[in-house]
Every structure is written in structure tokens, then in C-alpha cells.
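Visitor: Chains F and S are the protein sequences, given in the same order. Mapping to my numbering: the first sequence position 125 is 125, numbers consecutive. Mapping to my numbering: the second sequence position 17 is 17, numbers consecutive.
Because the hints were derived from the structure by calculation, they are not lab data. Just so it is clear, CB atoms sit at the ideal spot from N, CA and C, and this is done for glycine as well. There may be inaccurate statements among the hints.
Restricting the straight-line Cα-Cα distance to at most 20 Å, the calculated cross-link-like pairs of lysine to aspartate or glutamate (EDC-like) are [as the list claims (entries may be wrong)]:
hint, chain 1, residue 1, chain 2, residue 2
1, F, LYS204, S, ASP66
2, F, LYS108, S, GLU116
3, S, LYS15, F, GLU180
4, F, LYS169, F, ASP95
5, F, LYS141, F, GLU104
6, S, LYS148, F, ASP124
7, F, LYS94, S, ASP102
8, F, LYS98, S, GLU136
9, F, LYS98, S, ASP152
10, S, LYS15, S, ASP102
11, S, LYS124, S, GLU136
12, F, LYS98, S, GLU116
13, F, LYS144, F, GLU180
14, F, LYS98, S, ASP19
15, F, LYS97, S, ASP19
16, F, LYS3, F, GLU104
17, F, LYS169, S, GLU79
18, F, LYS97, S, ASP16
19, S, LYS142, F, ASP36
20, F, LYS98, S, ASP22
21, F, LYS94, S, GLU116
22, F, LYS108, S, ASP152
23, F, LYS108, S, ASP158
24, F, LYS98, S, GLU21
25, F, LYS94, S, ASP22
26, S, LYS124, F, ASP36
27, F, LYS97, S, GLU21
28, F, LYS97, S, ASP102
Residues of chain S placed beyond 10 Å of chain F at every Cβ, according to the derived structure [as the list claims (entries may be wrong)]:
hint, residue
29, ASP12
30, VAL72
31, LEU113
32, PRO138
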Amino acid sequence: MSKYGLFLGCNTPALRPDVEHAIRKSMPQLGVDLVDLPGFVCCPAFGTFPSADEDAQLATNAWNLSLGEAEGLDLAVQCGSCYSSLSMGSHLLKDPKKLTRTNELLAKGGRSFKGESKVRHMMDVLYNDVGVDKISKTITKSLKGLHGIVQFPCHTLYPSEVVGFEPDKGPPHVLPDLLEALGATVEHYSLEYQCCGGAGGFHKADAPAAHNFLKSKLDAIKTETKADFIVVSCITCLMWMDVQQKPLSEAGEETYNIPVFDYNQLLALCLGAPAEQVAAISTINRDAVIEKIK
Amino acid sequence: MIDLEQSEVIPDMWKDVFDSEDIRFCFNCGSCISVCPASNASPPLLIRRLARLVLLGLEDELLDEDTPWSCVSCSRCEEVCPMGVRPFELGLAIRRWQVRNDETRIPPSIVELYKEGYTQPVSKAVALRASVGLGELPTIDKYPEMLKGYQDMLMATDVVSNNDYMFKG
């Protein structure tokens, strides 16, 4: 049994708690114990302190990391932004000057950080701790007969000096391998590695351009694959790709209604968890896919 | 377009913007732009142009730039930059420099973080969480001493202490 501090961030628990419940239901069944972190705060997201003051950024990163460290735990994270922010913070805090300054600040809040607690993405834990064989053997239902495509969370790939958990160089394959372990047929397509475009200030600066950027991806999925669904492992990818299909359909002649799931939602469903708890909130109706999970 | 004739140049401004000497090695190849989602925005985020403004020391032009804020933080630029300039982190550094020099650039979200700890109503989503069978989380507002400690920590940073009127009350 491995044990992690569950770092949820802001979006998942506040807006998509069904994803949180999917994580809480699925991970312990695979031998991963998750512990809550009392007093956690925003990671901080890149648009907040990292855009305003590096001391405040690193102090907030270290605040969260110290909650795990005090319990002797690494953090397990699903949100791409949280994973990237905490990983970047850990990376920068390898600089002894920055670590010293951060500890001066933490002391004002009654905390300290040695730099021991690590940040692990949920996919990393599933692939490298649990393993695809154990996942295949543990599930009681399967995605057999369903075709899926994956949306790689950028924050888990780049910059590879700071983030990532792929076992080898070359094209990433952790998420497709995890999806295949659930019995799905994983399809590949031209814009597979393109960002969803949903994070940060792109859509605030130019919403039509951000919509077109996503549209190009959805068009490629529709014309090049037989995808029944999209699987992500990042709350921003999930919400952006799910929520924006409706306005895109209303704005043009093409209709977009591809169901989007977080990986842990499909995993939890394959482990027998009820959809009303682990896959209840979405804009695009996902019933047709959920009904086929047997 | 960069008009050097019309612009005031601040020598060594780059040292004040970005805590990295590597920015000097940017040779404007455009690799960063070729992979940047926000380069599709109007106006486009053109990181190599921002690097140029920083290196040339064009203070007014850089202060006026909104484009660093359209970054999606995907960090592809950081991955492909052949000169190790770390363009994503440069973009964040430019935002911080703008914040230091112009308080209207301060992201309102940091006030929310100071007051509540989150960018979303994590502790208030009780009904939505209950609808999927989840209870409340051990959010920082439930530990008043921790919240005070977190705020005391942030009050010791420049952006909060220099603009404390925004955070109090």
C-alpha cells in the first residue's frame, strides 16, 4: 500500500467534485491510500502569485508541500496546473538561497519546508506505482468495444526538465497505455499533441481564437477517428473541452458532442463505482458511453 | 514594430526583469512562437519579440504589453527553445516586472488567495459536493490559526506589503 497526501487544488473540489470522488473511490482499490491535507491552499495557479511575486509564489508552493512533508508524504495531484506549479516550485526551491528565503517567510506562518516532499501526478502514481497489469486485473467492468482518444495535459509533459513521468524518451504513452488497460481501443490522430488551449489568459484575450484553436482539434478527432470519447487527466482540459463544445456547435454548422472524461472517472466506473457519484457533472451527455461499460 | 528612434532605452533593464543571464542568448529564431497556442490570439503572444523588448531596454513598450498575460502556461516554448532562454518563465517574469511597476497590473486573484486561500469557492461548494456524495474538505478557513499564519506569511512579501490596502478589510 502506498500513501500520498491528496492535493486537490481549487477547480476539482469546487466545480467538478465528481472527479474528486472518482479519485477517492478508485485509488484505494488499487492499493493507493490518499490522505487529506488540512489547511491546503491554491497551488498557486500561474495567473496568481507566479505572475505577481516570486517570494509569494514559492512560499505558497512550500506551504502546500510542507503539509505533506510534515506527515512524511509526497503529494498526489490530478490538476495539470497544480502539478506544474508545485513541480516548478520544487524545482526552483533546489536553489539554497530561494529555499532559505522561503523558510524565512514560512516561519511567519509557523511552518517550514526542507525540500523533501515530492509532487506526483495521478497518472504517474497509476502507471509507475500501480502498473497497467494490476489495473487490468483489478477492474470488474471494461471499455471493450469503445474507441477513445487521449488529451495529454501539457503540464505533465513540458518542460521535461521539471515535470513528467514517461518511462522513456520519444512520444508520450502513459495515458494511452492506462486507457488500453481499461480495455478501450486508443486511436491516434494528427493534432494529438496540441494543447486544448483552455488554461491561462488565451481565451480571455481572444475568445474566438481560443475557440478556433479547440475547433481544429475537435475537427481532427471527428474526421480522423471513431472516438466515442476523449480522456484527459487535467481538470482544465476536462472543463474546457467539455464546456466549449456547445458554444462551438451553436456558432457554426458542425455539431460537437464528444463526451469527455477524466481518466479516474473511467477507472472508477470500471471498478464498479456509481456514475451518479463519479461521473455526474458534464455539459456533453456521457450516458451513451457509461451504459456501454460492462 | 520596434521603433528605436522614438523609444527611451534603459540600459541593463533585462537584469531587473528576468533573474537569468540566459535571456541574452535569444537569437530570435521563433521556435517559441511556432509552438505557442496564444500566438494565434489577436494581438498574438510573440515571446521572442518580448525578449527583444527586454534586451533592448524598451521600458514604455514593455509596460504597455498585454500579451504576456495571454499565455496558457503549456510550457512548450520552454521545451523547444534551443538556447535555454526559458521563455515561459520569462513571460511570468515580465508579468511580475509589470506588477512591480504598475499596481493596476496586480491580478485580483491574489487578493482572493490572501483572503480565502483559493481561486474557486472550494469551501462554499457544499451543495454540489453533497450531490455527488462528498462532504466538506479541511479547507484553510476551518483552521483560523492556519489562515492567519498564511496571511502573516504573505504580508511579509513585497507584492502584499507594498499594496496592503488591497488585502485588508
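Visitor: State the violated hints by number, sorted upward, taking the hints as numbered earlier in the document.
Guide: Of the numbered hints, 3, 4, 5, 6, 7, 8, 12, 16, 21, 28, 30, 31, 32 do not hold.
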